[in-house]
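*Asks:* Given only the sequences and the hints, what does the whole structure look like? Please build it.
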Amino acid sequence: MCTNQLEAAFASSYLQKLNRDKPLIHCMTNDVVQNFTANILLAIGAIPAMVIAKEETADFVHIADSVLINLGTITQWSSKSMLIAAQAAMVTQTPWVLDPVAVGNALTFRSNIAKQLLRFKPAVIRCNASEILALADKTSIGKGPDSQDSTDAALNVAKTIALQYQTVVAMTGKTDYITDGYTTYVIDGGDIALTKVTGVGCALSAVVAAMIGCNTNHLLAAASSCLMMKKAGELADKHHGLGTFAISLLDQLSLMNAARLLEQ
Amino acid sequence: MCTNQLEAAFASSYLQKLNRDKPLIHCMTNDVVQNFTANILLAIGAIPAMVIAKEETADFVHIADSVLINLGTITQWSSKSMLIAAQAAMVTQTPWVLDPVAVGNALTFRSNIAKQLLRFKPAVIRCNASEILALADKTSIGKGPDSQDSTDAALNVAKTIALQYQTVVAMTGKTDYITDGYTTYVIDGGDIALTKVTGVGCALSAVVAAMIGCNTNHLLAAASSCLMMKKAGELADKHHGLGTFAISLLDQLSLMNAARLLEQ
Amino acid sequence: MCTNQLEAAFASSYLQKLNRDKPLIHCMTNDVVQNFTANILLAIGAIPAMVIAKEETADFVHIADSVLINLGTITQWSSKSMLIAAQAAMVTQTPWVLDPVAVGNALTFRSNIAKQLLRFKPAVIRCNASEILALADKTSIGKGPDSQDSTDAALNVAKTIALQYQTVVAMTGKTDYITDGYTTYVIDGGDIALTKVTGVGCALSAVVAAMIGCNTNHLLAAASSCLMMKKAGELADKHHGLGTFAISLLDQLSLMNAARLLEQ
Chain A
1 MCTNQLEAAF ASSYLQKLNR DKPLIHCMTN DVVQNFTANI LLAIGAIPAM
51 VIAKEETADF VHIADSVLIN LGTITQWSSK SMLIAAQAAM VTQTPWVLDP
101 VAVGNALTFR SNIAKQLLRF KPAVIRCNAS EILALADKTS IGKGPDSQDS
151 TDAALNVAKT IALQYQTVVA MTGKTDYITD GYTTYVIDGG DIALTKVTGV
201 GCALSAVVAA MIGCNTNHLL AAASSCLMMK KAGELADKHH GLGTFAISLL
251 DQLSLMNAAR LLEQ
Chain B
1 MCTNQLEAAF ASSYLQKLNR DKPLIHCMTN DVVQNFTANI LLAIGAIPAM
51 VIAKEETADF VHIADSVLIN LGTITQWSSK SMLIAAQAAM VTQTPWVLDP
101 VAVGNALTFR SNIAKQLLRF KPAVIRCNAS EILALADKTS IGKGPDSQDS
151 TDAALNVAKT IALQYQTVVA MTGKTDYITD GYTTYVIDGG DIALTKVTGV
201 GCALSAVVAA MIGCNTNHLL AAASSCLMMK KAGELADKHH GLGTFAISLL
251 DQLSLMNAAR LLEQ
Chain C
1 MCTNQLEAAF ASSYLQKLNR DKPLIHCMTN DVVQNFTANI LLAIGAIPAM
51 VIAKEETADF VHIADSVLIN LGTITQWSSK SMLIAAQAAM VTQTPWVLDP
101 VAVGNALTFR SNIAKQLLRF KPAVIRCNAS EILALADKTS IGKGPDSQDS
151 TDAALNVAKT IALQYQTVVA MTGKTDYITD GYTTYVIDGG DIALTKVTGV
201 GCALSAVVAA MIGCNTNHLL AAASSCLMMK KAGELADKHH GLGTFAISLL
251 DQLSLMNAAR LLEQ
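Chains A, B and C, in that order, give the protein sequences. Per our numbering, the very first residue in the first sequence carries number 1; after that it's consecutive. Per our numbering, the very first residue in the second sequence carries number 1; after that it's consecutive. Per our numbering, the very first residue in the third sequence carries number 1; after that it's consecutive.
Honestly, the hints are just simulated from the structure, not real lab data. Fair warning: there could be bad hints in the mix.
[Claimed, not checked] What the simulated footprint calls covered on chain C by chain B, stretch by stretch (three residues with Cβ under 8 Å from a Cβ of chain B suffice, anywhere in the stretch; the number is not a length):
hint : region
1    : 27 to 33
2    : 87 to 95
3    : 159 to 165
4    : 195 to 207
5    : 239 to 247
Since the structure is predicted, the reported quantities are computational estimates derived from the model, not experimental observations. Using N, Cα and C, we set each Cβ at its ideal position, and we do this for glycine too.
*Replies:* Spelled out as structure tokens, the structure:
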């Protein structure tokens, strides 16, 4: 693993702060990953709260430390709640993460919602290469929620989007790129099995939300999150099948600490 | 573990009845814990059925042995179904459990729904200390779905609510108190890891629903449920991380029997 | 296990094709099994995508290789999306699977939706004995989502439904019968634990969707899916409780190959 030791040191200190502060994360995420997301947030020491009713989202944004908005199983009514929450987050300056699951793909409804959400200034966009291309109206070869595009090829687009929306783009894949358009962190490693468990990307977006809920450097917070997920994927059991791998990934995240982050 | 042996004996006989009767539990619960709840009900021998459409809930209450209503990810449309189900349950005298997840917390929408639901006479309210304080309009220090209030401090409020609504309050935390306002069972033990897996409290509410679905003493049924969950938490594997712990908790519930309940 | 070796040989070649083609499966399924379904599809090499908004379903049917429609937690709004998707699938000749969870049971709302869906020509109906009886307006003794009826007793009804709707019925239970009304495959084996994990039947419906997404013989594709699930249930760990069994089932599906399918 060619992890930058500097990034691992940051990840380590950011994780310690997370464990100390126990940020409350307001999650508006998809139906497939609600349980996995909540368990991963608990595993790293954050407090997840899934609140989606349009009557409640704005109020809850006020008491949350950060917000996650994930478009996976978006519907007309949930999109309204998400727009209310994102607007409330902009007003209260609560940092929030946008996970624009499967935008593009001829799914114009969610693509339009994603663009409306971008106006409310997400702190981080966590996505794959196909999704960032879609946000920039570029042709993608995405198929469903997965990306067939390489993050290398999409890096310049990611930088452009980051600059355009004054945000951080955490674009993940075989190689993760985390960029604000000026500075870019590159994270390799991880394991192919991470792409064969549903919701790992979605859960990573939640980890980013937790990290920015207690750390103001959003670029390093996002990079730390990506590094932590790749490291957990490397440490997890890959010898018994994908069911065991998913459980072991959660185990590894719950056991993550400075020493494990720093080990080669 | 300082478990009351008398309670363990009751839990043991109640669990045997549950295994024999295989009650059908109509679950209206939140999106985070649907799977975990269904698997825990199956593990203890009950039959879960998640039915939420307002066109179906009243009819299904008629054929169910008990009903679970959990406000975790409540929305306007699901709240309507829940109100219909609770009213139907009162009419048919089908016992039902209210789990008022995260009431208080400036979430006035769900707090209002919870109070409307209370008029339909739940057999048991399963909650944490912050939630019982919120139901009594007391100031709580809850943060999201978790309680920062101690169950010891909230016991008198729990008794008052139990008397006011002629119900059983099963208030869980480090120490569980199960009370009808006259008699109170106290259950210690369990494990801190139980608070680090999402939906353990929600699943416990489902276990209570299963127990009251085939046992008419709701106070002892609720106490038996709390004891069984704490015992499973003690027996579950805590040496490999939180992913393994959650799976092992489910294992332990599926293997639970009189001998395990009674062992010190 | 008395598995037909011929069926195992087909299952083996169908699984190989699935691994090569990586079909995109448009899943419209219930809230209890979304995660389990997605992970099982990934485990066998398919790409799951849960798309439910009525604004998106018809467009997504166009790019999907097959569609799964499962009525488990149906609501008025999701039923509209499902009807749109099924109609689109008929028009585009995208094969689709109907899983009519818990029809009958005095649940007239979903029973009516199921009959409307049948007009849009599902390639396969994957169900239990109680559900096929309900689709034929016969009296069933189903209780909730589980079947108390035997598949043996319902076989003639299954054949009649298959002929009436020119479809394949994959009716599963202790013995699985997969029939188009003319030819019937019989699959024994499996394990009782498969009935004690929520969503195994629902996930099997998703496996059938994956198999018909890349194999045009829908009868053999469905039979192969049933055989594969029974085999995985036999190979999975049954010595540590139901939590471990569910994870091990996922492990076994991810490790499934020709040799394992063919071994006695």
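*Asks:* Now tell me if each hint is right for this structure.
*Replies:* How the hints compare with the structure:
{"no.": "1", "hint": "27 to 33", "result": "holds (count 4)"}
{"no.": "2", "hint": "87 to 95", "result": "violated (count 0)"}
{"no.": "3", "hint": "159 to 165", "result": "violated (count 0)"}
{"no.": "4", "hint": "195 to 207", "result": "holds (count 4)"}
{"no.": "5", "hint": "239 to 247", "result": "holds (count 7)"}
Hints 2 and 3 from the earlier list are contradicted by this structure; the remaining hints agree with it.
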